[in-house]
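Peer 1: Each chain is listed here by its residues.
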Amino acid sequence: MLMGRVAIIGAGMTKFGQLWNQGLVELAVEANMKAIEDSGLDRKQIEALYIGNMSSGLFTRQEHISSLIADSSGLAPIPSTRVEAACASGAVSLRQAYLAVKSGMYDAVIAAGVEKMTDVTSTMSTRILSTASSQDYEASIGATFPGLYAMIARMHMHRFSTSEEQLAMVAVKNHRNALNNPYAHLRKSIKVDDVMNSAKVADPIKLLDCAPISDGAAAVVIASEELARKACDTPVWIEASAQASDSISLHNREDLVSLKASAVAGREAFRQARSSIRDIDCLELHDCFTIAEVLALEDLGFVEKGKGGKLVEEGLTEIGAKIPVNPSGGLKAKGHPIGASGIAQAIEATMQLRGDAFNNTNSQRILTHNVGGSGATAVVHIFGR
Amino acid sequence: MKDVGIAGYGAYIPKFRIKVDEIARSWGRDADSLKKSLCVNEKAVPGIDEDSATMAVEASKHALSMGKVQGSSIQALFIGSESHPYAVKPTATIVAEALRLSRGLFSADLEFACQAGTSSMQIVYSMIKSGMIGYGLAIGTDVAQANPNDALECTASAGSASMLLGSENILARIEATYSFTTDTPDFWRRQNQPYPKHGGQFTGKPAYYRHIVECTQKIMEMTSSRPDDFAHVVFHQPNGKFPVEAARMLGFTERQTQNGLLVREIGNCYSASSLIGLCSVLDEAESSQRILLVSYGSGAGADGFVFEATGLLPEARKSFMKVKDMMKNTVYLPYEKYARQSKKYA
Amino acid sequence: MPANIWRRMPSFYSLAGSECMKCSSLYFPASKVCKKCGSQEISERVFEGAGEVVTYTVVRQGFNDDSENEKLVCNSPYIISIVKLMEGPMVTAQMADCEPEEMKIGARVKAVFRKISEEGEEGLIRYGYKFVLA
Chain A
0 MLMGRVAIIG AGMTKFGQLW NQGLVELAVE ANMKAIEDSG LDRKQIEALY IGNMSSGLFT
60 RQEHISSLIA DSSGLAPIPS TRVEAACASG AVSLRQAYLA VKSGMYDAVI AAGVEKMTDV
120 TSTMSTRILS TASSQDYEAS IGATFPGLYA MIARMHMHRF STSEEQLAMV AVKNHRNALN
180 NPYAHLRKSI KVDDVMNSAK VADPIKLLDC APISDGAAAV VIASEELARK ACDTPVWIEA
240 SAQASDSISL HNREDLVSLK ASAVAGREAF RQARSSIRDI DCLELHDCFT IAEVLALEDL
300 GFVEKGKGGK LVEEGLTEIG AKIPVNPSGG LKAKGHPIGA SGIAQAIEAT MQLRGDAFNN
360 TNSQRILTHN VGGSGATAVV HIFGR
Chain B
0 MKDVGIAGYG AYIPKFRIKV DEIARSWGRD ADSLKKSLCV NEKAVPGIDE DSATMAVEAS
60 KHALSMGKVQ GSSIQALFIG SESHPYAVKP TATIVAEALR LSRGLFSADL EFACQAGTSS
120 MQIVYSMIKS GMIGYGLAIG TDVAQANPND ALECTASAGS ASMLLGSENI LARIEATYSF
180 TTDTPDFWRR QNQPYPKHGG QFTGKPAYYR HIVECTQKIM EMTSSRPDDF AHVVFHQPNG
240 KFPVEAARML GFTERQTQNG LLVREIGNCY SASSLIGLCS VLDEAESSQR ILLVSYGSGA
300 GADGFVFEAT GLLPEARKSF MKVKDMMKNT VYLPYEKYAR QSKKYA
Chain C
0 MPANIWRRMP SFYSLAGSEC MKCSSLYFPA SKVCKKCGSQ EISERVFEGA GEVVTYTVVR
60 QGFNDDSENE KLVCNSPYII SIVKLMEGPM VTAQMADCEP EEMKIGARVK AVFRKISEEG
120 EEGLIRYGYK FVLA
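Chains as they are written, first to last, in numbering that gives the first Met the number 0: chain A, 0 to 384; chain B, 0 to 345; chain C, 0 to 133.
I should point out that these hints are in silico values taken from the structure, not numbers from a laboratory. Where a beta carbon is used, it is the ideal one built from N, C-alpha and C, also for glycine. Take the hints with a grain of salt, since some may be wrong.
[Stated by the list, open to error] Derived DEER-like restraints, expressed as beta-carbon distance ranges: (1) C:V131 <-> B:K323: 14 to 22 Å; (2) B:G27 <-> C:R6: 47 to 55 Å; (3) C:S75 <-> B:G27: 24 to 32 Å.
All chains should be modelled from the sequences, with the hints used to inform the complete structure.
Peer 2: Dropping the structure here:
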């Protein structure tokens with residue numbers, strides 16, 4: 000009964016970074032306005048709004064931001080829904096918007112994501128981010144997010160001889176990619192030694208292995224096939240939208256060096272898109288920590304389990320190489336305003352497929368991958384032109 | 000009347016130590032004269048996350064396991080300490096919950112300076128003797144407080160001892176118990192004060208010695224004993240000098256006191272002090288040997304106990320680590336780390 | 000907050016998890032539904048506390064300086080480990096009385112009862128399991 004295709008016809012985002020002059024609402028409004036303008040639609044044509052946001056309540060003491068942002072964007076009285084899935088909030092918001100259009104209910108909706116993180120101390124933001132893990136059995140005993148990924152990294156190193164240098168190379172590449180991206184939080188070239196010598200956060204994870212704490216918002220206008228063809232010369236088709244869940248606690252997973260939810264969502268996405276890894280030209284992967292990019296490459300099947308570090312070391316994930324990963328700079332260098340990240344990945348895919356990306360990869364088909372928590376949620380989208 | 004005694008026992012001493020030399024160094028005091036006057040070389044220091052409740056749980060697990068008794072069969076838990084984690088909110092309930100004891104439980108937190116552990120033992124003993132309960136735990140546990148740069152800082156340590164009492168499968172039968180009590184203010188700590196005060200030399204003759212001696216003489220009279228009837232003698236150990244001197248005054252030899260005298264290596268863990276000494280004695284005692292235990296609590300009182308080891312003791316303790324072996328795996332702390340770990344910022 | 004600590008005491012204090020009465024699957028923390036077979040016939044299962052280190056990290060930038068909420072009672076840095084219990088389930092826990100240099104994957108450990116956090120000097124103390132090298 001699902002008929003038409005669904006496309007992204009407009010995209011807009013704020014710069015990512017420490018945006019002292021903008022609060023949560025201003026960020027979201029800026030992204031929404033830019034996305035509507037980019038789509039060429041009149042704002043009255045937007046029928047619903049979905050907003051990915053992890054923790055506005057803890058970061059800014061503001062809940063009920065769905066209506067607040069709709070109203071502030073001049074979009075009331077259309078329905079507005081906040082979507083939360085920790086760091087995957089953005090991609091889940093995109094998926095809800097996609098499903099709403101796919102169902103035939105709407106012709107044009109906005110999928111947005113926003114996070115205002117820098118109004119609290121960094122200790123507090125570490126604590127807030129840890130609410131994406133089990134409060135009773137992980138966070139409250141002192142397991143920070145870097146700590147959880149560090150335990151995955153150590154296991155990966157132990158099992159597959161992945162080296163800290165290989166992980167550092169992920170950061171070096173993503174920083175290099177971000178140099179051309181004016182929206183990126185960290186536009187600074189770094190070397191492997193810089194990563195190796197950066198402050199230890201949770202061994203073996205060091206400061207430059209981590210995505211920064213960023214403010215930012217991103218929004219895309221999603222349209223039905225009919226409207227997309229009418230309104231836009233370069234619609235970017237959403238060929239797959241897949242999501243999977245797993246145990247929220249690392250310790251309850253069968254395998255600590257693999258995010259099962261990524262693998263399941265990846266398989267489902269390829270099934271929906273009737274494609275395989277050979278059809279994908281470029282990846283935007285969830286690299287909240289460098290180890291996460293390695294895991295994603297393996298879990299999505301782009302390289303055999305355990306060989307991800309080697310793939311990066313061989314330069315095969317660079318722009319222009321076999322399978323470019325995170326041409327935007329990724330979460331690592333572009334920045335990681337939690338709720339916005341999944342949408343920003345879709346925007347990078349859109350720009351790549353339209354041919355106006357800052358690091359053009361001449362791609363026909365792009366896969367984006369967004370993870371919530373330490374792997375309890377994974378969302379995979381495939382976009383084509 | 001039925002026999003009542005120790006059916007299992009357990010001691011817990013934290014892993015960390017600080018040497019008197021190190022404490023003296025940090026305050027610019029003469030280590031040799033301090034060591035000489037206190038007869039203590041080092042003391043046990045708790046981990047940053049240890050307190051009287053956590054140590055009591057570890058000691059009690061050991062006691063229950065030795066006695067092969069399920070937590071659900073324990074009907075009383077009395078716990079003596081001068082460092083209960085809360086001013087209001089029982090320690091007994093925390094320990095009972097962690098040990099999954101019976102919900103039908105007689106329990107209370109006790110405080111009688113360093114004597115409250117043996118006071119607990121008297122209460123549980125009486126309850127079993129009277130038939131009120133079958134099994135009970137009596138615990139002495141302390142993270143001893145001392146003012147920084149007070150001589151007391153060189154001895155105040157941490158530890159816990161738990162005695163599983165019952166009337167079946169007894170490892171050491173309680174022959175008699177007696178208490179000697181007067182109002183003698185040699186050591187005190189007011190409400191809401193972090194550190195105790197003491198009367199210096201006044202803690203000796205009228206306080207420690209008088210109570211220990213009077214209590215010992217009376218319980219020996221009650222049991223028609225002479226000093227050489229006891230294979231082992233344990234007194235409260237505020238420092239290395241007092242218990243040795245008291246033993247000499249009462250006619251005991253070094254051989255009788257050596258197994259239970261641990262203060263030189265672990266310091267004075269207040270309510271747990273004499274009970275940990277008792278645990279160490281029980282690690283060595285042979286069948287039908289008699290043991291004398293006399294605790295002392297400032298303020299002041301002394302509790303005396305006479306035990307007789309049974310034939311079950313050597314077998315029961317066989318697979319358990321001895322107190323003296325527990326004392327081997329230690330880590331020495333510098334004063335800064337000790338201060339941070341014990342939250343002393345003075 | 001008191002109610003949540005109180006509610007979780009069996010698991011925090013004595014590693015009480017659950018066992019599925021149908022397929023014998025073991026869980027920590029307890030699961031009201033067996034994730035394997037879907038059965039709701041569940042009984043409490045207390046784990047011994049012996050196990051081995053599967054992986055670990057030394058947390059150098061933690062939230063033990065978070066004074067607004069519960070404060071972790073531990074040294075800084077502190078070690079977090081995933082321990083595989085003898086019975087099978089895994090648990091995330093802090094290591095106590097242990098230096099980073101002493102840690103290694105596969106190390107044998109046992110559970111101990113320690114202070115986990117406190118709501119400041121005035122607040123409630125949360126006790127629970129940590130692990131020490133066996």
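Peer 1: Range hint 47 to 55 Å: satisfied by the CB atoms of G27 of chain B and R6 of chain C?
Peer 2: Holds: the Cβ-Cβ distance is about 51 Å, inside 47 to 55 Å.
Peer 1: Look at the Cβ atoms of S75 of chain C and G27 of chain B and judge whether their distance stays inside 24 to 32 Å.
Peer 2: holds (29 Å)
Peer 1: Is it true that V131 of chain C and K323 of chain B lie within 14 to 22 Å of each other by Cβ?
Peer 2: holds (20 Å)
Comparing the model with each numbered hint stated earlier shows that all of them hold.
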